[in-house]
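A.B. asks: Sequence:
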Amino acid sequence: MEKALRVLVHGAVDTVSTKHRKRAQNAHEASRRWIRAPGVLGFGISERIKRGQKLKNVTLKVYVARKLPPSQVEHPVPRTVRIPGLPDPIETDVEEIGDLRPQSFTHRERPANPGLSVSHPRCGNGTFGALVLKRGRSELFILSNSHVIADNGRAQQGDAVLQPSQEHGGTEDDVIAVFEDAVPILFSEEGYPNTADAAIARVPRARDVGAVIKLIGVPAGVSTKLDSGLLVQKTGSITGHTVGIVKDAHFSAEMKYKRGDNDAARVGFRDCVLCTRFTDEGDSGALVLNMEGKAVGLHFAGSDSTSVFARIDTVLEALDIELVTQNV
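Residue numbers (the working numbering): 1 to 328.
It is worth saying that the hints were derived from the structure and are not from the lab.
Quick list of simulated restraints, FRET-style, between CB atoms:
| no. | residue 1 | residue 2 | range |
| --- | --- | --- | --- |
| 1 | ARG79 | THR276 | 38 to 48 Å |
| 2 | THR18 | PRO38 | 32 to 42 Å |
| 3 | HIS107 | SER305 | 23 to 33 Å |
| 4 | ALA12 | PRO78 | 14 to 24 Å |
| 5 | GLU95 | GLY11 | 18 to 28 Å |
| 6 | GLU47 | GLU74 | 22 to 32 Å |
Don't be surprised by glycine CBs; every beta carbon is placed ideally from N, CA and C.
Let the hints inform the model, and build the full structure from the sequences given.
C.D. replies: Have a look at this one:
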C-alpha cells in the first residue's frame with residue numbers, strides 16, 4: 001500500500017522493479033488528472049469509513065475539501081487503481097475534510113476558550129491560557145501573562161482585556177474581561193527575583209467563556225513533576241497545538257521587559273523551565289500541560305531555539321487561584 005502511495009502521488013517509480021518502471025511511470029502520469037484536480041487536498045493510507053464507521057479494509061485515502069457526486073467532477077477518483085508490480089488492484093476511498101489552513105486562533109469567538117488571542121488594549125497579542133477561580137470568590141477569571149493582559153504591571157484594575165487581541169483587530173466591542181491582578185514584575189540590575197509572568201482578568205459574563213483548551217480539552221488537574229525529557233504541550237493563538245521537551249527544570253535567566261512607553265530594562269527570572277522551542281510570539285500566556293493533560297506551567301518567553309514557562313504551582317500560589325477543571 002505504501003508503495004502504491006509513493007508511486008501514484010510522489011512519482012517514486014524507482015521503488016518498483018526495473019521491468020515495471022515504465023508502466024509505473026505511465027500509471028503516475030495518468031493519475032495526475034485526479035490527483036491534481038481542484039478540491040483534492042491530500043492522500044494517505046487508512047481504513048475505509050462508511051456512515052461514520054471504520055471498516056476493516058485498508059484503502060488509499062483521497063482527502064478532499066468537499067465530496068461531490070462523480071457526475072459533478074471532471075476527473076473523478078477511480079474506485080481502484082493498479083500499480084505495475086503489485087498483484088492486486090488498490091481500493092480508493094474519498095473522504096471530505098474541509099479546507100485546510102494554518103491553525104492559529106486569532107479570530108473573535110464567543111464563548112471564548114483557552115488558546116484564543118487576548119490582550120490589554122496597549123499590548124499587541126498573547127494567549128488566553130486557562131479559566132481560573134480566585135479562592136473565596138465565585139467569579140471566573142482569565143489567566144495569561146502580565147505582559148499580555150496587564151501591560152507589564154502598569155494596568156489599572158478594571159482595564160479592558162480584548163478578545164481577539166488588539167493586534168488582531170480587537171476593539172472596545174470585543175471586551176471579554178477586565179484586569180484584576182498580576183504578579184509584580186521586579187526590575188533589577190542583578191539577581192533573579194521573579195518566578196512568574198502571570199496575571200488574571202475577571203469575566204463579567206460567564207456565558208462568554210469556556211474552559212476547553214483548543215485542541216487539548218479541559219485541564220485534568222495540576223502536576224508539579226518536571227524533569228528533563230518530559231514531553232509537554234500547549235495551544236497558543238499563533239502556532240496552535242504543539243509539543244515540546246523539557247531541557248532544564250531549574251532555569252534562571254535575564255531578559256528585557258518594557259518598563260515605560262519606549263524603554264526596556266532587565267528582569268531576572270528563577271525556578272523556571274526551559275524547553276525545546278514549541279512556541280512563537282503571540283503564544284505568551286498559553287497553559288503548558290503534560291501529555292496526560294495536567295497543567296505544569298504558563299508559557300511566557302522564548303528564543304529562536306527555546307521556550308520558557310513558569311511553574312504552574314508558582315503561578316497559582318502567587319495569584320491565589322485554582323484551575324477550572326470542568327467545562328462551564
